[in-house]
Amino acid sequence: MLSLQNVSKTFGGFRALLRVSLEVREGEFLGLIGPNGSGKTTLFNCVSGVFPPSEGSVRLRGEAIDGLTPDVICHRGIARTFQIPRPFRKLSILENVALAAHFGHPTRESDAQARARARDVLRLIGLPADPEARPGLLGAAGLKKLELARALATGPALLLADEPLGGLDPEEMRQTADTLRRIRDEMGVTVVWVEHIMATLMRLVDRVVVLDHGEKIAEGSPRAVAEDLRVIEAYLGEKIALE
Amino acid sequence: MDAVLIAEAAVNGILLGGVLALLALGLNLIFGVVDIVWIAYVDLVMVGMYAVYWLVTAYGWPLPLAAVAAVALVAVLGLLVHLLIISPILASPPVNQLLATGGLLFFLQAFATFLWTTDHRSLRLALPVVEVFGMYLSFARLLAFTFAILGMLGLYFFLTRTYIGTAIRAVSQDREAIALMGADMRRVYLVTSAIGGGMAGLAGVLLIIQYSVHPHFGATFGPITFIIVVMGGLGNMFGAVVASLVMSEVISIGGILASTEMAYVVAFVIFIVSIFVRPEGILGRRE
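These protein sequence lines are chains A and B, in that order.
Reminder that position 14 of the first sequence reads as 14 in our numbering, one-by-one numbering, no gaps.
To convert, count from 1 in the second sequence and add 243; that's our numbering.
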């Protein structure tokens, strides 16, 4: 579905991504891991159009999308969340999500339709707060959920989730991880998930890709990756128990 | 000093404040969304004033029709300013952007001088003076204030009740996030520039019924508009309205207690003190 061929990204003399190639299959739940600064968010930025890759190609269902603007890439079916939630703080929760529902669709929906779908997404995500309230009232978990809700409201085929569990307590983590799984299982959205919480990620994903210093160093089933010596050395530090 | 005279000055201050607020909101809207200060904003107002003046005096259009045409003309001008001047320099350093919109200011002033000389031109409307509780108020000012309020209400409903308006507010908070949600930034910028231009056109209409126009009109209202925008907090709409009223009251009441020149001195001192005390604007919050 998503195919990266030799994607590199340099900032001045700094090489954030170096000839990364990777395939995401239709309907897959893919984990993307790596130490801080390994290029995970840069990869998301190159795919979602925040900036174009310096070299290489990004294809979605066979069509090149590198160099397109973020709004066009969004309309092609890719949505992303931010590691640090970036809600529009002066708009209500519902307005935040309804904007995504309205602008995310190439054929614009009526006001009522967009709002109805925004409410559906909020229900699915399980955001209990009053939708007319400002996002400032939400805690860390609520803001992470709002990020997911905005991304989903654009009606994506592929969701790039950037550390949706960061900063949550164990119960909130369990809930949010479960939501991600339902997004894939029930909505049929392909998910690429960046996370540092290894135990949770490894339990849920179909496949894992590991980045280190901007390069792909491993790829495979969670079990194979967890036992890969290069991965252990670069990142995990020690073997992690999967069960 | 007669209490009625001071009350009259206070009311005139509010009336002037309405038009100043309209100017400040237009400039603020463009700055908040496109992140570029249109130094030539009040010179677009001057173009709107000339448009009304010539349509009425040379072509004999009725004033309301000329007013609508002027608003539309300056809205189109706003679009062109964005397409021709702003969009090529969106990613340039701020100083280049200031120089470009500053260049537009000199272009408009020089072009107006070339076409219409430096003569002060007035519509010479015979609008009545209204007496309220012993105060003598100019009908033109009351009219201008009313339409300024209507213009601001229109902007408010547009920004809160429509998707493109809500997107415009969202852009001023996080332009990257709204683009990733599928909003076409180019379209948002164009709509904002057209509305900002339209508001400059409306301000032009409201000013030509009170003042005479000349190529350097921008120098009269430009500095005070920028001061209001900065004092209210760049991008802060409500702050701009409050700052407009504060400044117009100082100018109006100071004008009759001392002199207009002295009133401007006091206004600028208040501005300087206010940016020392609250650099983020009188109603601004530190982010």
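Mixed in with the good hints, there may be bad ones.
To be verified - Covered stretches of chain A, as calculated for chain B (at least 3 residues, CB under 8 Å):
1) 68-75
2) 192-202
As the list claims (entries may be wrong) - Okay, the calculated bits of chain B under chain A, using three or more residues with CB under 8 Å as the criterion:
3) 347-359
4) 399-410
5) 414-420
Said to hold, decoys possible - Label-pair restraints from in silico Cβ distances:
6) B:Pro466 x A:Ala140: 56 to 66 Å
7) A:Leu124 x B:Asp417: 20 to 30 Å
8) B:Pro522 x A:Phe11: 25 to 35 Å
9) B:Tyr399 x A:Glu55: 19 to 29 Å
10) A:Arg181 x B:Tyr399: 21 to 31 Å
In case anyone wonders, no lab produced these hints; they're calculated from the structure.
Positions of the beta carbon are idealized from the N, C-alpha and C atoms, including for glycine.
Could you tell me which of the hints above the structure violates, numbers in ascending order? 2, 3, 6, 9 and 10
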